[in-house]
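K.L.:
Go by the hints and put chain X onto chain A.
If you read the sequences in order, they're chains A and X. Basically my numbering = 1-based index in the first sequence + 111. Basically my numbering = 1-based index in the second sequence + 111.
Hints were generated in silico from the structure; no laboratory data involved. It is possible that some hints are incorrect.
For identical chains, the list gives no copy identity; a pair is met inside one copy or between any two copies.
List of simulated lysine-lysine pairs, DSS-like, C-alpha gap at most 30 Å [unchecked claim]:
#1 K365 x K197
#2 K744 x K333
#3 K348 x K333
#4 K137 x K758
#5 K333 x K261
#6 K787 x K333
#7 K758 x K787
#8 K744 x K787
#9 K137 x K787
#10 K482 x K510
#11 K758 x K633
#12 K222 x K298
#13 K348 x K359
#14 K365 x K438
Number of protein chains: 2
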Amino acid sequence: MKQIFVLFVVFFFILNVSAQKTLSLKDATLGSSSYLKPAMPEQLKWKDARHYVMIKNNNLFQYNAQAKDSVELFSLADLNMALKEKQIKEQDAFPRFSFINESQIWFQVDKHLVILNLENKSIVTYFTYAEDADLLDFCTGNSMLAYTIKNNLYITGTKGIQQITSDVDLHIINGAAVHRNEFGIEKGTFWSPSGNQLAFYHMDETMVGDYPLVDYMAREAKLVNVKYPMAGMTSHKVTLGIYNLATKQTVYMKTGGPDDHYLTNICWSPDGKSIFIQELNREQNHMKLNRYDASTGELIKTVFEEQDKRYVEPIHPILFSKNDPDKFYYQSRRDGWNHVYLYNTSGNQISQVTRGEWEVTRLLGFDTEEKFMYFEATMQSPIERNLYRINIHSGKTDKLSEEAGTHSGILSPGQQYLLDSWTSTDVPGQVDLVSTKDGHKQILYKAQNTLKDFELGENTVFTLKAADGITDLYCRMIKPNNFDASKKYPVIVYVYGGPHDQLVNKTWKNSARWWQYYMASKGYISFTLDNRGSENRGKAFEDIIHRQLGVVETDDQMKGIDYLKSLPYVDVNRIGVHGWSYGGFMTLNLKLKHPDIFKVAVAGGPVVDWSMYEVMYGERYMDTPEENPDGYKNANMLNYADKLQGKLLIIHGVQDQTVVMQQSIQFLKKCIDLDKQVDFFVYPTHEHNVRGNDRLHLMEKISNYFLDNL
Amino acid sequence: MKQIFVLFVVFFFILNVSAQKTLSLKDATLGSSSYLKPAMPEQLKWKDARHYVMIKNNNLFQYNAQAKDSVELFSLADLNMALKEKQIKEQDAFPRFSFINESQIWFQVDKHLVILNLENKSIVTYFTYAEDADLLDFCTGNSMLAYTIKNNLYITGTKGIQQITSDVDLHIINGAAVHRNEFGIEKGTFWSPSGNQLAFYHMDETMVGDYPLVDYMAREAKLVNVKYPMAGMTSHKVTLGIYNLATKQTVYMKTGGPDDHYLTNICWSPDGKSIFIQELNREQNHMKLNRYDASTGELIKTVFEEQDKRYVEPIHPILFSKNDPDKFYYQSRRDGWNHVYLYNTSGNQISQVTRGEWEVTRLLGFDTEEKFMYFEATMQSPIERNLYRINIHSGKTDKLSEEAGTHSGILSPGQQYLLDSWTSTDVPGQVDLVSTKDGHKQILYKAQNTLKDFELGENTVFTLKAADGITDLYCRMIKPNNFDASKKYPVIVYVYGGPHDQLVNKTWKNSARWWQYYMASKGYISFTLDNRGSENRGKAFEDIIHRQLGVVETDDQMKGIDYLKSLPYVDVNRIGVHGWSYGGFMTLNLKLKHPDIFKVAVAGGPVVDWSMYEVMYGERYMDTPEENPDGYKNANMLNYADKLQGKLLIIHGVQDQTVVMQQSIQFLKKCIDLDKQVDFFVYPTHEHNVRGNDRLHLMEKISNYFLDNL
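In isolation and in its complexed conformation, chain A is listed as follows:
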């Protein structure tokens, strides 16, 4: 009996141990976005005021928000039967679709645009578009599709194709996003509300010098010229055309001004007669909201202007009231935080809708009367996103999401419900149905914890004071597996540090990169700090870096180092740093300005000298090299190469068009001139990030560099 008991204990112990798996590098890099990614409902969206839908096992299911019952609305088999009838290729998976109304959806399959009636299960209409069509933009108002082929713009529908532009020079580009996707620009075509007109960006890059990239994978290396205007250099010229489908004429808005200003955040008036452009000067310190007559292109009015001594950064189009075509909502950081303002088209501010030392991060919608506005914001905490509604008149605000975490809402038609998809430190994913009336919550879905069988280092979030001694900075630390406070551990600082990004969030695992868990399993502490300059902390926090990139960010990061040095279990002689892009720049700043601290560094796709960076992002933060010579000099890592000590690996994608490889190459040359040893690796076919399966190779390269040298 005793023996049997012992055996049982041993067996139990083995089971228990085998349950605690170690995260492999493949799990950490590829698994996190595929086989270990927590599954969430597919294509969750509202069909009507009371029903939401999602895809389950490739079939479309409808759920009743009140009655909580569900029904299979449309199967993949149904879909394929409908497609087959029109001789369109059958599908293996339910395509991504959108509702036109509660009975019709549209989707794209096999170069066909299809409108399908869910009720009678038949195709309402469909048409083919060109094999090489790109940048598709479907208008449900007129059932027509705008698209580009190479640099020209077309529209098509059931009645054939209209070619809108015919530019021969490939460096004149129509219908694509412009200004390198800065200023919130994500697309290049804008249908008017009724679909009778199509506004589109027209970008002339012919005056920008050719920048040579090389495709080394050809039998004979092949030149691929791109346009990459660098800070202070001649930039491209953008105009906005409006094509009238009835007259088949294009009118260009008479935006005037210097050629290199920025046309941002296009918005049609509700009647489709005028169009609004947030026009920003190249210096990026003066924005005009201009209204143009869509039929003549004439400037009707500068509705209002906004200026700032550092920079204005419009990133949200204005949003017209559904009730009053004379009113619109406008987002601005003019009071120091991103808030919503209500304006009329005369340019008078009616009210500031939201207010406070927190940021509106997304608008979700309004109720029909526009008494309430729904939004996501950082009101609760800068590292959370919660759902709120505000009474536009009284200012009374209700928090609609319950648990601390990062919530994302979808408002129902009729505004009775919010679908709240959220994660938190220990919640890999959950969907709640929230009643906007009383905040009553019903859990619809809980994602499986895909890491539950893995042994992971302890992950904590806390704050430290910035170098100003006042500001709280959020930090995340992951301790090694089987942490023993009496031992000494090496640390790898993972850094980004630039604007428009925040690495520490209350999401699942506090947004840790799983690579950090991997390194924790190898005995490394992972540390990350969001310094001043990073996002979601207000304007002053973010724009303090203006004209002096790398300075404040580095000072703040060093406060993290001070903290690490204060910990008895940190081996202060074994601190490393890694970052990519702005994080690569920061890695160089830290390594070169504090060579005594950082023994090993890996900088990926780093900016070395901002004068080799592009105009739009670069000049926002640094002005031009002519305007800010000292700033450029101080931020130029070539001027710190002489401080290099220890191990530094630089990695670059050969095809990088964001931070061009010459940045790294010039740094290597400087090191060679100074007889400083530096390491280098390239990913021949990758652009600014190493994506796909090759990411495993990349992370293995980075891991090995720390494992071998730190």
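P.N.:
Relative to chain A, chain X alone:
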């Protein structure tokens, strides 16, 4: 007294130890070609039958070969006085000069061509040439200078400039060496004996695709297109023009044939009426010695032809007899070794002058009657060069150099003497005056042993059998400093292995790279073996690699490894390999075909896939990819990347136009695809070799890689 004695001993011991310095990496890389290079006489040459000259302390001294007395012939002060008189910039050092006759020399200073009379110490004549003149070729017959500016050819003298070509397209190049300097081609202009005509190469590269190199050091990276025809691709077209200075007309030789044949080894007939071209077909297996009428360009005669089942490689122009303008000397490897043949212009072979299983490596000249021919050859040993004279009629051969080593001779006018400059294993440099009559030797100069104070590992040369079990291969081994046969040492194999090079020679230190001594001081054995395929061992030895590059060479290198493994003091688990160019290719062959043997490898500027190598060299050894698909496949290192284990560092010059960087880049991509870790470094401004001060950085990088990983 006793105490004093002890002190003395200690002092002596310290002195002795400090005398044994260790070679620094700087000494080994930069010192070997500068501050530690053994000094040899400057500009040693014959003035006349009895007097030779050299520069000492910037003054020109004359020595009497018989009487052994010396006199300062011309001082730098004399020279500068003469220059000053003509308002030519005074010089800090005696310029490089050539004798026109025993009283006149010519030289170039400060864009002036100057003829100076040594006797009356005055300038005979001088003229200026253009600031951007390149490829200067001075003709003493007419005192005119041929030169190029960009792609065009000019001549000038005291009577002004004549522009010979006026091609606007920069890819039509006149007066430059062609065919990528293969086939012994070193220049592109050829003055007729009297100087009344100038033959020149005219190369049209317009049909060759542009190959993109990128200058990353510009503010904005700059494209630099070059012409790099790859194996099997369309190649350039070369013709030979002859410009007549009297008529000012150029006639092109009617060479006909396919455009991509090779026009090699140009030679004028002694009367200047015809010109001889060794024309080789693109397949490089059929050479025709063609004679053209210089005034009409018509083919007079194909004097003779030479074919070979592997390849014919003409690298020496024919050399006309001084006594009989109908006879010429011709060098060929047709009997398996490079020998000299006497022909008449009808194409009849009069005699084979030299014969035997050794190679004539250089012709030095003939006596006036052409009874004797003087030459350098490998007759004594393939790793020595000795001086010989042969009785052309009887074949009787005399060895004129005494000590085993590598000798280089300068025959005096009148052929009474040879100046013999030589080195040997323990002789850093020596000049002897040798009587051609009786071989009597007089030592003129002994270079200082610049390494005498350094502690160096033992350096031995020996032979091993090749993989065929028959052929002797020469090897060099350097043992670590303070070698102890009871210990185990790691080994670094340094390899080249390709044709036209030999690494083991009886020169000073047996041609060891001093870096090998440096690594020996760090405890590494250095080993080098000249496999089959390397030069100076006869045709069969060298051309066995034809159509199968990397195969035999690797098999032979592995015989070296077998030997190393047999040594009790070799640590067989710590063997590394390093090589550059063909040696980079060999490094990859060894590392990838024998991953269990080579723990660490550093391949510099490696050929990875011969289909990415250029036409002239590539097709000689491999034919075209179409003709030899299996050969290309077997020699393609991309097909062995899956075998990669351990550490491999690849280094490439970004500006490499010999082995283009895409070779390395494609190998990286293959490794990434296979998830194999590989290391990489680039030298941004360097071409095929890293030269100048940056070489120290390079060798430090390579050294560290072995020190860290082997």
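K.L.:
Checking K758 and K633: alpha-carbon separation at most 30 Å within a copy, between copies, both or neither?
P.N.:
both (19 Å within a copy, 21 Å between copies)
K.L.:
When Cα atoms must be at most 30 Å apart, do K744 and K333 count as within-copy, between-copy, both, or neither?
P.N.:
between (34 Å within a copy, 23 Å between copies)
K.L.:
Should K758 paired with K787 be assigned to within, between, both, or neither, using CA atoms and 30 Å as the limit?
P.N.:
Both ways: K758 and K787 sit 10 Å apart in one copy and 22 Å across, limit 30 Å.
K.L.:
If the cut is 30 Å between Cα atoms, do K348 and K333 qualify within a copy, between copies, both or neither?
P.N.:
For K348 and K333, both the intra-copy (28 Å) and inter-copy (23 Å) Cα distances are at most 30 Å.
K.L.:
Measure nothing new, just compare the shortest in-copy and cross-copy C-alpha distances for K137 and K787 to 30 Å and report within, between, both or neither.
P.N.:
Only across copies: K137 and K787 sit 14 Å apart there, 34 Å inside one copy, limit 30 Å.
K.L.:
Checking K348 and K359: alpha-carbon separation at most 30 Å within a copy, between copies, both or neither?
P.N.:
within (24 Å within a copy, 54 Å between copies)
K.L.:
How would you classify K482 and K510 at a CA-CA limit of 30 Å: within, between, both, or neither?
P.N.:
Intra 16 Å, inter 111 Å, cutoff 30 Å: intra-copy only.
K.L.:
How do K137 and K758 come out at 30 Å by Cα distance, when the copy is not named: within, between, both, or neither?
P.N.:
both (25 Å within a copy, 21 Å between copies)
K.L.:
How would you label the pair K744, K787 (within, between, both, or neither) given a Cα cut-off of 30 Å?
P.N.:
Cα proximity of K744 and K787: one copy only (21 Å, versus 39 Å across).
K.L.:
Regarding K365 and K438, is the shortest C-alpha distance of 30 Å or less found within a copy, between copies, in both, or in neither?
P.N.:
within (24 Å within a copy, 85 Å between copies)
K.L.:
With identical chains treated as interchangeable, where does the CA-CA distance between K222 and K298 reach 30 Å or less: within a copy, between copies, both, or neither?
P.N.:
within (20 Å within a copy, 60 Å between copies)
K.L.:
Since the copies are identical, ignore which copy is meant and state whether K365 and K197 lie within 30 Å (CA to CA) inside a copy, between copies, both or neither.
P.N.:
So K365 and K197 fail the 30 Å test inside a copy (45 Å) and across (69 Å) alike.
Consistency with the previously given hints fails for number 1 only.
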